[in-house]
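Enquirer: Letter by letter, the chains look like this.
Protein chains: 2
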Amino acid sequence: MIVSDRSVSRRRFLQSVGVSGGAGALFATMGALGLAPAAASPAPPFSPPRPSDFHLTGRKPRRVVVLGGGIAGLTAAYELGKAGYDCTVLEARGVAGGRNLTVRGGTTETDLDGHTQRARFSPGVYMNAGPARLAQWMVTLDYCRELGVPIEVFTNQNADAFVHTEAAGAPIRYRTAKADVYGYVSELLAKATDQGALDGSLTAQDKERLLTFLQSFGAIGGRTADWDYAGTSRRGFAAYPGAGTDAGTPLPGPPELSEVFAANVGRYFSFEFGYDQAMLMFQPVGGMDRIPAALTRAIGASRVHLGAQVTSVTDRAGDVEVVYTRDGRTRTIIADFCVAALPPHLMARVPHNLGAGVQSALGTFPVTPSGKIGLEYRRRWWEQDLRIYGGITETDMDLSHIWYPSHSFHSDRGLVIGYYNTGTNARTYGALTPPGREARAIAQGSKIHGDVYRTELASSFSIAWHRTRHLEGAWTSPPTGTPGYHLLLQPAGHVYFAGDWLSHEVAWQHGAFVSARAAVTALHHRVMSH
Amino acid sequence: MIVSDRSVSRRRFLQSVGVSGGAGALFATMGALGLAPAAASPAPPFSPPRPSDFHLTGRKPRRVVVLGGGIAGLTAAYELGKAGYDCTVLEARGVAGGRNLTVRGGTTETDLDGHTQRARFSPGVYMNAGPARLAQWMVTLDYCRELGVPIEVFTNQNADAFVHTEAAGAPIRYRTAKADVYGYVSELLAKATDQGALDGSLTAQDKERLLTFLQSFGAIGGRTADWDYAGTSRRGFAAYPGAGTDAGTPLPGPPELSEVFAANVGRYFSFEFGYDQAMLMFQPVGGMDRIPAALTRAIGASRVHLGAQVTSVTDRAGDVEVVYTRDGRTRTIIADFCVAALPPHLMARVPHNLGAGVQSALGTFPVTPSGKIGLEYRRRWWEQDLRIYGGITETDMDLSHIWYPSHSFHSDRGLVIGYYNTGTNARTYGALTPPGREARAIAQGSKIHGDVYRTELASSFSIAWHRTRHLEGAWTSPPTGTPGYHLLLQPAGHVYFAGDWLSHEVAWQHGAFVSARAAVTALHHRVMSH
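Same order as they appear, the protein sequences are chains A and B. Heads up: the first sequence at position 321 corresponds to 321 in our numbering, and the numbers run straight through without jumps. Heads up: the second sequence at position 83 corresponds to 83 in our numbering, and the numbers run straight through without jumps.
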């Protein structure tokens, strides 16, 4: 989520594969790479520790204490456990998973401001309050496969959802916005090309190929029609074509070019091009927390101690001592190693003897606030009235995004994400009480959806990650190039750090999984080397 | 599928909503329409006949014989049956549904050339041989909802699937092709705009807005970077970003502009913009034939006579006589009305007394050939090796399209559609024996997928719709503007015609549903008027 679209320059491409600038071979190379299994590698090769690593060498598995039962902590315990490591996971919250939190009827949460919410969602209705989507290349899917967690499509993009900008004044369908923007872009480029304005950049053959492409891409007229964009059925219909002589009722339009660009309806188009956001994307059937639930089962639930808050970490000559409180009592674990998988800003508050460098480095991860609200509706009006079966409506209001549910199509009820925002917008919503957040979300969302957005509402549940106990943030911005970041990639005595914050895929479970794998690999290598 | 992208001109838009050319109000009008329920109308309002229509008027439901148990025929019987009409459906094939055919292990088909195939697919593996996808606006979804047929996403588009053109020489990922084409298009248009080449079409404000859009859309540099496209993470990675210092391995590239357009990788981009093909799309869980199966259950299976081939239709003074053969015996039905829902080219072969005009009109529907092959694989290598979870690979080989399955992700086996083509390509494949089709599909598909495409194959089943008994074509091209077409929209005595061929959504089940509704409405209105 953090990598800039333009962060990968051509120079870096060429350096990375050791090819010179000769263009002729590049396409074939790229194509060939597209075929190679390596082209789809979700992560570096990983070999989990095996029981035979110990059986065959006379060594014994060690004891490991894991701080934090989020995805990174659970994964460390799961992978080490495969070889027989004796792992204990200490999780401060009442449920494992960390930010991977699925809210269902009965879920209760008291935030740092003392607001207590108890979700009143109906059976089968849930809200993925944290991570909610998985790209195909992410190692998260491998864990779903390995753990037997069924997946289904997450609807990250929908031509029938809306784009709403305050400048446009009223929502329009994504398909309509796209057709008009692509139409005018194609018209303009075709005109410039045909008039010779780009003769410095294009050969005659390039020009003909480009013009052919633009006619298809923009649904524009040809040379004799002056490459004019005059609308297209791609915009959608007010009433779709039907029987007999019913050719359908087109939408009015298209608006003039100036109006389309003034409305800025194209501002969200590039979202779906992102290497981490492009469809197809996926979600576990039944809720994202099927993943930590499956990890916990695989680890052994008795090894995952909930409500266990770490109060000190002391690295010692031959082991590590972790003190924690649980059920009002103070307890101590002595282990051979520790995997510290708390968020860095929370780890920084745990008294430890890992050094000033570690402490300083833990303080260099800026924390991003984020919030979501789940709105349960008594009927699926987005399907029934608007023919929107999943997907996302984008707005420039401070709710940012509205998500329609990706599952249980055609069922009685359903849950809409009424806002998903970050930064200032998340702080604005997070500063409100839960009823205040609901009121604001409904007031804004009604501008798009009308009265139904209020009248069919059954209940809501909201989360402000920066105000959530034992997490206090949605994700961090790792200072990846700094000495401090590099320091945390190394063990501090017997303590290894892990989490999405120690990866190049922060804010994604993928980052937590691969970071945990890296810690496991390093720890196991050390054990096997002595 | 037939409506041209450009068939809806601006003039027609404006005429259709009665607005003049003033642009200022159009955007708001369009937006407002986007909000109105009418904007999402899948079809004209339809009120099925009700039992009370008869109870309250002293009239009696009539007897109706329906020719053809495809979607149109079944729907006619289903809707009429709601009011108590006594319907009998005559279906020549061994299964109801017509072209809505789902092939499973055990499905047997002997074609017009005498080739017999018996599918050897594993449990849970199936092939939707005919219709396979549903757009959100289609009335087909309403029938799924009404009939209790669960739906799931059909993966009609996937950034990780391939584009393969013979000119490119090797397949590349859709996401890579898109990033490069959009990047260069944006670079070119930004340069032309900034150099003043489009000052005749754009105001200064338009220009700045367009340039802002193009930077986002193409991931290009700004003015100081001469609007240069130099690659983007949107292209994807050879190895995706991982833990610690692993920022990922970018793909090589981008190729030069000339190379991108010469490879013609953009030729398929507009497919996903179509009003009938844009994501999100859907399919019934478990196979498309869940729809005719549910219709048949609702009608009453005993009313649907399979293996019943119509041999004559005689309109009489007060009723209609239909003669058919079944189990080698000739039978006769006398009914008050008939709904003729056979394909027009087959109806034209049934002896009747409906007039020379009808006979002539039935002969004016050109028939499109089409074919598909289902390839069952022993493992889901497209997921495991290539991280392709559904979607479509587009080629300019005569196999046209390769579909990866949209369901049962991560399961052991799966079925790939190895070709889906029409016209000449379909005739080429259809002229081969089933083993010959498999061999050709595998030879072509291996150019994209390598040896695994051959080595992991378990079995196949292919269909050539133009060579399939009792159907003899994939769909028709209705001569919608002609007197003949209009003639068939009227009853011929007591005989009403129905089918997707009498709609503006030919080749879609939507067309069959709305055509059946139109016939039912007309028939019922006539009954209630006497």
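Calculated directly from the structure, the hints in this document are not laboratory data. Please read these numbers as outputs of a predicted model, since none were measured by experiment. Cβ atoms here follow ideal geometry from the backbone N, Cα and C, with glycine treated the same way. Hints may be right or wrong, so weigh each one.
Claimed, not checked - Ranges between beta-carbon positions, derived for each pair:
{"#": "1", "chain 1": "B", "residue 1": "357", "chain 2": "A", "residue 2": "455", "range": "22 to 30 Å"}
{"#": "2", "chain 1": "B", "residue 1": "529", "chain 2": "A", "residue 2": "384", "range": "53 to 61 Å"}
{"#": "3", "chain 1": "A", "residue 1": "360", "chain 2": "B", "residue 2": "454", "range": "26 to 34 Å"}
{"#": "4", "chain 1": "A", "residue 1": "330", "chain 2": "B", "residue 2": "379", "range": "48 to 56 Å"}
{"#": "5", "chain 1": "A", "residue 1": "378", "chain 2": "B", "residue 2": "45", "range": "17 to 25 Å"}
{"#": "6", "chain 1": "B", "residue 1": "529", "chain 2": "A", "residue 2": "408", "range": "39 to 47 Å"}
Unchecked claim - Under the rule of at most 25 Å between Cα atoms (straight-line distance), these lysine to any residue pairs were calculated in the SDA-like manner:
{"#": "7", "chain 1": "A", "residue 1": "191", "chain 2": "B", "residue 2": "202"}
{"#": "8", "chain 1": "A", "residue 1": "207", "chain 2": "B", "residue 2": "305"}
{"#": "9", "chain 1": "B", "residue 1": "207", "chain 2": "A", "residue 2": "167"}
{"#": "10", "chain 1": "B", "residue 1": "191", "chain 2": "A", "residue 2": "526"}
{"#": "11", "chain 1": "A", "residue 1": "207", "chain 2": "B", "residue 2": "211"}
{"#": "12", "chain 1": "B", "residue 1": "191", "chain 2": "A", "residue 2": "349"}
{"#": "13", "chain 1": "B", "residue 1": "207", "chain 2": "A", "residue 2": "145"}
{"#": "14", "chain 1": "B", "residue 1": "82", "chain 2": "B", "residue 2": "305"}
{"#": "15", "chain 1": "B", "residue 1": "178", "chain 2": "A", "residue 2": "271"}
{"#": "16", "chain 1": "B", "residue 1": "191", "chain 2": "A", "residue 2": "467"}
{"#": "17", "chain 1": "B", "residue 1": "60", "chain 2": "A", "residue 2": "81"}
{"#": "18", "chain 1": "A", "residue 1": "207", "chain 2": "B", "residue 2": "230"}
{"#": "19", "chain 1": "A", "residue 1": "207", "chain 2": "B", "residue 2": "169"}
{"#": "20", "chain 1": "B", "residue 1": "207", "chain 2": "A", "residue 2": "197"}
{"#": "21", "chain 1": "A", "residue 1": "207", "chain 2": "B", "residue 2": "82"}
{"#": "22", "chain 1": "B", "residue 1": "178", "chain 2": "A", "residue 2": "167"}
{"#": "23", "chain 1": "B", "residue 1": "207", "chain 2": "A", "residue 2": "469"}
{"#": "24", "chain 1": "A", "residue 1": "191", "chain 2": "B", "residue 2": "169"}
{"#": "25", "chain 1": "B", "residue 1": "207", "chain 2": "A", "residue 2": "196"}
{"#": "26", "chain 1": "A", "residue 1": "191", "chain 2": "B", "residue 2": "82"}
{"#": "27", "chain 1": "B", "residue 1": "207", "chain 2": "A", "residue 2": "385"}
As the list claims (entries may be wrong) - To spell it out: a stretch of chain B is covered by chain A in this simulated footprint if at least three of its residues, at any positions, have a beta carbon under 8 Å from a beta carbon of chain A; those stretches are:
{"#": "28", "stretch": "73 to 84"}
{"#": "29", "stretch": "180 to 191"}
{"#": "30", "stretch": "196 to 210"}
{"#": "31", "stretch": "238 to 245"}
Enquirer: Of the hints stated earlier, which fail here?
Expert: Numbers 1, 2, 3, 8, 10, 12, 13, 16, 17, 21, 22, 23, 24, 26, 27, 28 - these are the hints that the structure violates, sorted from lowest upward.
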